[in-house]
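Given chain A, put chain Z in place with the hints provided.
Chain by chain, the residues run as shown.
2 protein chains.
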Amino acid sequence: MDTRIEITLPDWLAEAAATAPVCPDDEARLRFAIALAMRNVEERSGGPFGAAIFDGEGRLVAAGVNRVMPETCSAAHAELLAMMGAQRRLGRHRLNGNGNGERFVLATSAQPCSQCYGACIWAGIDELLIGARTEDVMALSGFDEGPLPADWIGELERRGITVRRDILREEACAVFRRYAALGGPDY
Amino acid sequence: MDTRIEITLPDWLAEAAATAPVCPDDEARLRFAIALAMRNVEERSGGPFGAAIFDGEGRLVAAGVNRVMPETCSAAHAELLAMMGAQRRLGRHRLNGNGNGERFVLATSAQPCSQCYGACIWAGIDELLIGARTEDVMALSGFDEGPLPADWIGELERRGITVRRDILREEACAVFRRYAALGGPDY
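Line by line, the protein sequences give chains A and Z. My numbering puts the first residue of the first sequence at 1, with every later residue one more than the last. My numbering puts the first residue of the second sequence at 1, with every later residue one more than the last.
Same shape as in the complex, but just chain A (with noise of 0.2 Å):
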């Protein structure tokens, strides 16, 4: 058994995430995870999802994308892969665990599967933004998200993850139907 896993990104996005601008506010923080989904279907390097991780000010610390097939590897979803490259970064498996009050934000061009639902609990971030809705990925797309829990808000606000949703929405959505007509293939 090989004891090293090694999760590979592509080298766009690395390029993408060197000149990311400052994103301030929601939208711009989720036109930056939209434009990576939309540039990862293009680019034919993976599903389409793109998630990217902000500090308080709005800097980028890290950026993921869908790497299911690439990589094959299921749990590489871009939620998941933003979460560990940031927390690599920042060299604490808990974002906002370093005591000073800094805030972490994820933006994620479509509502987290249920995986990646849980991943959040842990990953130490402080607000959810979300563009497509469950509902939107899975009217645009064969994907299963897999089921949450009923009150899925509400639990991540109870452990003090803000959720806020519907934003840049039809952008996001758009992503799904130019992967459709692309052909990409639902996993």
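Hints were generated in silico from the structure; no laboratory data involved. Cβ atoms here follow ideal geometry from the backbone N, Cα and C, with glycine treated the same way. It cannot be assumed that every hint is accurate.
Claimed, not checked - For the chain Z half of the interface with chain A, some residues (derived, Cβ under 8 Å), not all of them:
| hint | residue |
| --- | --- |
| 1 | THR8 |
| 2 | PHE104 |
| 3 | GLN115 |
Relative to the frame of chain A, chain Z by itself:
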């Protein structure tokens, strides 16, 4: 931004995997997963959780242990790393997706948290075998296991994943007692 995310498992785990016996039934599979969890505690190589994926004949495909703190990665749970390892080894992102009816079993020392619960849905496993319950974990440690759908077992079973729990439950609980006795951190 680094385009590579690497997670490392302990060397002792590779040795344990290389010498794993064939595990023909639920108890043998759980015994192996629990032994990994206990070894992870004794070696101080991560949190008190272990998981293993077997094929239908009980041959080990891959194993994982909790590596959150050593790897600075809140997602590095035993089940997720076992899934990732198995998918890499077999070269497909859905383990049972090769169309020949082969079945895969995930044995985990404790009920999956919210994140790993969701991850099960896309990993391509057919059976989920559980040792300790979440209520045991929360009674014996300070770990928050996160919220699940009310009918979490039914949601898996409707997706073709059989769930059996309370397998060697006492042995599984002993891992958390040992972890607490050694003063292991909850996070």
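Hint check:
With 8 Å as the threshold, the beta carbon of THR8(Z) comes within range of chain A, its nearest partner Cβ sitting at about 6 Å, so the hint holds. A least Cβ separation of about 12 Å between PHE104(Z) and chain A goes past the 8 Å threshold, and the interface hint is therefore violated. This hint holds: GLN115(Z) has a C-beta 3 Å from the nearest C-beta of chain A, less than the 8 Å allowed.
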